[in-house]
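A.B. asks: Next come the chains, spelled out residue by residue.
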Amino acid sequence: MASQKTIYMDHSATTATDPAVVEAMLPWYSINYGNPSSLYRLARESRTAIEEAREKVAKAIGAKQDEIFFTSGGTESDNWALKGAALALRKKGNHIITSAIEHHAITHTCDYLKKQGFEITYLPVDEFGQVRVDDLKSAITDKTILVSVMFANNEIGTIQPIPEIGAACRERGILFHTDAVQVIGNLPINVESMNIDLLSLSAHKFYGPKGIGALYIRKGVRIDNYLHGGGQEHRKRAGTENVPGIVGLGVAIEKAVSNLEVKTLQIRTLRDALLDRILHEIPNTRLNGHRTMRLPGNINVSFDFIEGESLLLLLDHSGIAASTGSACSSGSLEPSHVLLAIGLPAEVAHGSLRLTLGLENTNEDISYAFDEIKKAVERLRAMSPLYADYLKKRPCNV
Amino acid sequence: MASQKTIYMDHSATTATDPAVVEAMLPWYSINYGNPSSLYRLARESRTAIEEAREKVAKAIGAKQDEIFFTSGGTESDNWALKGAALALRKKGNHIITSAIEHHAITHTCDYLKKQGFEITYLPVDEFGQVRVDDLKSAITDKTILVSVMFANNEIGTIQPIPEIGAACRERGILFHTDAVQVIGNLPINVESMNIDLLSLSAHKFYGPKGIGALYIRKGVRIDNYLHGGGQEHRKRAGTENVPGIVGLGVAIEKAVSNLEVKTLQIRTLRDALLDRILHEIPNTRLNGHRTMRLPGNINVSFDFIEGESLLLLLDHSGIAASTGSACSSGSLEPSHVLLAIGLPAEVAHGSLRLTLGLENTNEDISYAFDEIKKAVERLRAMSPLYADYLKKRPCNV
Amino acid sequence: MYSEKVMDHFMNPRNQGEITDADGVGEVGNPTCGDIMRIFLTVKDNIITDVKFQTFGCGAAVASSSMATELIKGKTLEEAWDVSNKAVAEALEGLPPIKMHCSVLAEEGIHKAINDYRVKNGLEPWEEKEGHTHSHDELTCEE
Ligand SMILES: Cc1ncc(COP(=O)(O)O)c(C=O)c1O
Ligand SMILES: Cc1ncc(COP(=O)(O)O)c(C=O)c1O
Ligand code: FES
Ligand code: FES
Numbered sequence: 149m150a151s152q153k154t155i156y157m158d159h160s161a162t163t164a165t166d167p168a169v170v171e172a173m174l175p176w177y178s179i180n181y182g183n184p185s186s187l188y189r190l191a192r193e194s195r196t197a198i199e200e201a202r203e204k205v206a207k208a209i210g211a212k213q214d215e216i217f218f219t220s221g222g223t224e225s226d227n228w229a230l231k232g233a234a235l236a237l238r239k240k241g242n243h244i245i246t247s248a249i250e251h252h253a254i255t256h257t258c259d260y261l262k263k264q265g266f267e268i269t270y271l272p273v274d275e276f277g278q279v280r281v282d283d284l285k286s287a288i289t290d291k292t293i294l295v296s297v298m299f300a301n302n303e304i305g306t307i308q309p310i311p312e313i314g315a316a317c318r319e320r321g322i323l324f325h326t327d328a329v330q331v332i333g334n335l336p337i338n339v340e341s342m343n344i345d346l347l348s349l350s351a352h353k354f355y356g357p358k359g360i361g362a363l364y365i366r367k368g369v370r371i372d373n374y375l376h377g378g379g380q381e382h383r384k385r386a387g388t389e390n391v392p393g394i395v396g397l398g399v400a401i402e403k404a405v406s407n408l409e410v411k412t413l414q415i416r417t418l419r420d421a422l423l424d425r426i427l428h429e430i431p432n433t434r435l436n437g438h439r440t441m442r443l444p445g446n447i448n449v450s451f452d453f454i455e456g457e458s459l460l461l462l463l464d465h466s467g468i469a470a471s472t473g474s475a476c477s478s479g480s481l482e483p484s485h486v487l488l489a490i491g492l493p494a495e496v497a498h499g500s501l502r503l504t505l506g507l508e509n510t511n512e513d514i515s516y517a518f519d520e521i522k523k524a525v526e527r528l529r530a531m532s533p534l535y536a537d538y539l540k541k542r543p544c545n546v
Numbered sequence: 149m150a151s152q153k154t155i156y157m158d159h160s161a162t163t164a165t166d167p168a169v170v171e172a173m174l175p176w177y178s179i180n181y182g183n184p185s186s187l188y189r190l191a192r193e194s195r196t197a198i199e200e201a202r203e204k205v206a207k208a209i210g211a212k213q214d215e216i217f218f219t220s221g222g223t224e225s226d227n228w229a230l231k232g233a234a235l236a237l238r239k240k241g242n243h244i245i246t247s248a249i250e251h252h253a254i255t256h257t258c259d260y261l262k263k264q265g266f267e268i269t270y271l272p273v274d275e276f277g278q279v280r281v282d283d284l285k286s287a288i289t290d291k292t293i294l295v296s297v298m299f300a301n302n303e304i305g306t307i308q309p310i311p312e313i314g315a316a317c318r319e320r321g322i323l324f325h326t327d328a329v330q331v332i333g334n335l336p337i338n339v340e341s342m343n344i345d346l347l348s349l350s351a352h353k354f355y356g357p358k359g360i361g362a363l364y365i366r367k368g369v370r371i372d373n374y375l376h377g378g379g380q381e382h383r384k385r386a387g388t389e390n391v392p393g394i395v396g397l398g399v400a401i402e403k404a405v406s407n408l409e410v411k412t413l414q415i416r417t418l419r420d421a422l423l424d425r426i427l428h429e430i431p432n433t434r435l436n437g438h439r440t441m442r443l444p445g446n447i448n449v450s451f452d453f454i455e456g457e458s459l460l461l462l463l464d465h466s467g468i469a470a471s472t473g474s475a476c477s478s479g480s481l482e483p484s485h486v487l488l489a490i491g492l493p494a495e496v497a498h499g500s501l502r503l504t505l506g507l508e509n510t511n512e513d514i515s516y517a518f519d520e521i522k523k524a525v526e527r528l529r530a531m532s533p534l535y536a537d538y539l540k541k542r543p544c545n546v
Numbered sequence: 002m003y004s005e006k007v008m009d010h011f012m013n014p015r016n017q018g019e020i021t022d023a024d025g026v027g028e029v030g031n032p033t034c035g036d037i038m039r040i041f042l043t044v045k046d047n048i049i050t051d052v053k054f055q056t057f058g059c060g061a062a063v064a065s066s067s068m069a070t071e072l073i074k075g076k077t078l079e080e081a082w083d084v085s086n087k088a089v090a091e092a093l094e095g096l097p098p099i100k101m102h103c104s105v106l107a108e109e110g111i112h113k114a115i116n117d118y119r120v121k122n123g124l125e126p127w128e129e130k131e132g133h134t135h136s137h138d139e140l141t142c143e144e
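Heads up: the protein sequence lines correspond to chains H, V and R, in order.
For reference, each letter of the first sequence is one residue, going 149 to 546 in our numbering.
For reference, each letter of the second sequence is one residue, going 149 to 546 in our numbering.
For reference, each letter of the third sequence is one residue, going 2 to 144 in our numbering.
FYI, nobody ran anything at the bench for these hints, they're computed from the structure.
Check before you lean on any hint, since a few could be wrong.
Straight-line C-alpha distance at most 30 Å; calculated DSS-like pairs for lysine-lysine [said to hold, decoys possible]:
{"#": "1", "chain 1": "V", "residue 1": "240", "chain 2": "H", "residue 2": "263"}
{"#": "2", "chain 1": "H", "residue 1": "262", "chain 2": "V", "residue 2": "239"}
{"#": "3", "chain 1": "V", "residue 1": "291", "chain 2": "H", "residue 2": "263"}
{"#": "4", "chain 1": "V", "residue 1": "384", "chain 2": "H", "residue 2": "263"}
{"#": "5", "chain 1": "H", "residue 1": "263", "chain 2": "V", "residue 2": "523"}
{"#": "6", "chain 1": "V", "residue 1": "262", "chain 2": "H", "residue 2": "291"}
{"#": "7", "chain 1": "V", "residue 1": "239", "chain 2": "H", "residue 2": "263"}
{"#": "8", "chain 1": "H", "residue 1": "291", "chain 2": "V", "residue 2": "239"}
{"#": "9", "chain 1": "H", "residue 1": "262", "chain 2": "V", "residue 2": "240"}
{"#": "10", "chain 1": "V", "residue 1": "522", "chain 2": "R", "residue 2": "6"}
{"#": "11", "chain 1": "R", "residue 1": "130", "chain 2": "R", "residue 2": "74"}
{"#": "12", "chain 1": "R", "residue 1": "45", "chain 2": "V", "residue 2": "540"}
{"#": "13", "chain 1": "V", "residue 1": "239", "chain 2": "V", "residue 2": "207"}
{"#": "14", "chain 1": "V", "residue 1": "541", "chain 2": "V", "residue 2": "523"}
{"#": "15", "chain 1": "H", "residue 1": "291", "chain 2": "V", "residue 2": "541"}
{"#": "16", "chain 1": "V", "residue 1": "291", "chain 2": "H", "residue 2": "262"}
{"#": "17", "chain 1": "H", "residue 1": "384", "chain 2": "H", "residue 2": "411"}
{"#": "18", "chain 1": "H", "residue 1": "212", "chain 2": "R", "residue 2": "87"}
Stretch-level coverage of chain V by chain R, calculated; a stretch enters the list once three of its residues show a Cβ under 8 Å from a Cβ in chain R [said to hold, decoys possible]:
{"#": "19", "segment": "381-391"}
{"#": "20", "segment": "452-461"}
{"#": "21", "segment": "524-533"}
The C-beta atom is built at its ideal place from N, Cα and C for all residues, glycine as well.
Turn these sequences into a full structure, and let the hints steer you where they fit.
C.D. replies: Pasting the structure below:
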């Protein structure tokens, strides 16, 4: 039925693991399989491999090796950061500030904390998806113990003023966590100069394996443990270490942050080419998110009169892998909270398409994708009653 | 320096991932890398692979497919089961019963729950490490909401009377969780006939990969979520699925439970051969744990007058990978709580050696290991002041 | 975990054994904590002419005993008294932090043996530091 070639434009959902990363992981499955907590040679090798990976992660974000703790992914890092900080600081206060456009790993953790008696302030964002630092400053109270604002958004790609947010928190002695899951390999990060206390990352977003991530905890910052058990990760995160995953994360992050400018320029150039064609050549289309403060590979556009899930199905049929903020694809029938937060009416949110480009995309992909998107939009509009109404109401039927 | 060949006798710590398992995992890294939550073909493939693995896990323990939830390992499963059940049932009561010899993933989670206002009863065990069902029955109060007793112990290998414990809980309408991390591939499990409500398992203990596990939650049992975020795992466990890991777990568990009797007979025979020689040919040696209700590959013996860490170092030098319950190897300077719970004096616990045999061990391994253990014990005794005293105090200096 | 020097002294302990007619014997440690160290001294003209040890303990304890006996052999009692646990650990090219107390054990064993000699010979014992204790931290787990 469908074409067999896949043009993958959903790199914010996940990425293919780089074959070089898989290669590096392989010996740690069946040859050097020792449990790092044990005493013998096989175990010492695993321990060394873990520490080497930790060093790479630290280096990639300007941290020190003993500030990095491995987790099972971005979700665990976010849960640990928020719950761990909240419980550790409960005596100081019960107020947490976050933004209206966080990933569910943050918002649902906040919902949980709310049930436990914490108060959550959701900072609004402007029409481009940015938090205003002044809003943050005025939301801070004597009871504020934690601020969590994502570095860049997974749907609309908007980048937040992280150094300024960090500075505002540091000034008031409030812990600052940022979910940087979408950022590694896309923007340079330096936890020191950016005043970041806690930072989440996840390997599968930058050509590493799924099921492995890390939490950066600035030295001196004390948060409660989250996974209780054995004494792994300097007694901060229990569980037998996923050695192949950790090794893969190390290799992936080292590659991700090297040559960053060249790679992001390449992706940004392709992105802009595709984005410009969509905005100029398909009428009744708008860009969601910020024009410049935006992840290099991210496109998020809304096509009036159509619904995103149908659009994805047509694109899938053409071999294009993409994403939408439409409720109809979410299993919950709620359109994306991010698109609503930047002020999109629900019906426009329904017609949104997210394309997130990556290293393997080419000029040919762009042309092909554009043609298919245009055809699909036209096809869906042709069957849309909203579009029919619109055509009738226009002064002349062009 | 040390001999390069490794005779691995620490299968309870972890196992080498079966090359066939790694083979099955490989396509899911770089070829079929789609995020299962997405809509396109690549994603559907991942989703199908996950459901196939879920089916295999379910089948291996006599459960239904929709009763299996993937986690990052045994530790997460244990944390989720205990915290999730405790929080969900808080209104019904705050009393939890467990045993004195659980893994730290259970005991430290209980410590945490204690701080949150729960009351924990630690059932004692007899000298062989078994819980008495009568003790359990009399520990149950109106406030008891959860019982967690491990299926088999990771240090001394003792198997608990799980069906009886399950029946006692079911009778009183109390949730029963069992940590079966050490059991898959060693004993048959049927959650239905054994009255188990919640069960933890971890792939790397049965020739699967590290960093992946599962929690069985009996249909109708409601426990709180633990990792909050996206809607994965039927909205019960957030986080992008570790697809290669899940596929690996599926293949590993299918292999682990097939031909169980033949495999465990092979391992038990080797184990008994080694154990008998140790007990008969090395004086002042005792067996820890139960003689028959014991994991097939487990040996846990104490050698009087010597300390376990030094023993492990000598064995490592001979290429033998083993484990000890001595405090000196634990990083915390507390001897194993399991050995203390079965009544061993601390100094005897210090001299303990755990050997856990697996599928790849041979008769030659056994002979070699025995010789090296005997030499190492003699060498350490020769430098031990305790042994010197013992020799002097003996009626005649043989 | 252990330096090559520690492993060398563990695998090939120097001065291991017993001096049956020792001039001074010191024993420290506690089997409950998993460590007992016994130091035997032969002293001639205030000089340690021979030293031997027996140890029940971990790799670090054995290596510390071995190294400590090396360090004090041929020394005056005063010089031997001043051999600190730090000196033992340094000579071993470092010990893991959790294992530092094993070197303390060696220092204390030497002090006890020297004082045993002094008391036996009608001399004032020198003032010893407080007895060695294990730091009973939080529990950890093996795997
Ligand atoms: C911004 C953001 N945070 C957190 C996550 C969760 O990471 P993971 O799926 O690795 O748990 C994701 C992606 O899924 C994300 O895009
Ligand atoms: C009985 C038992 N429970 C739980 C665990 C924890 O499993 P994992 O290390 O996979 O988190 C282990 C082993 O480490 C175990 O032996
Ligand atoms: S139109 Fe079918 S789910 Fe929205
Ligand atoms: S003798 Fe116990 S840690 Fe050294």
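A.B. asks: Determine for every hint whether it applies to the structure shown.
C.D. replies: For each hint, the structure was consulted:
no.	hint	in the structure
1	V/240 <-> H/263	holds (18 Å)
2	H/262 <-> V/239	holds (18 Å)
3	V/291 <-> H/263	holds (23 Å)
4	V/384 <-> H/263	holds (17 Å)
5	H/263 <-> V/523	violated (60 Å)
6	V/262 <-> H/291	holds (26 Å)
7	V/239 <-> H/263	holds (14 Å)
8	H/291 <-> V/239	holds (29 Å)
9	H/262 <-> V/240	holds (22 Å)
10	V/522 <-> R/6	holds (25 Å)
11	R/130 <-> R/74	holds (22 Å)
12	R/45 <-> V/540	holds (28 Å)
13	V/239 <-> V/207	violated (34 Å)
14	V/541 <-> V/523	holds (23 Å)
15	H/291 <-> V/541	violated (68 Å)
16	V/291 <-> H/262	holds (26 Å)
17	H/384 <-> H/411	violated (35 Å)
18	H/212 <-> R/87	holds (28 Å)
19	381-391	violated (count 0)
20	452-461	holds (count 6)
21	524-533	holds (count 4)
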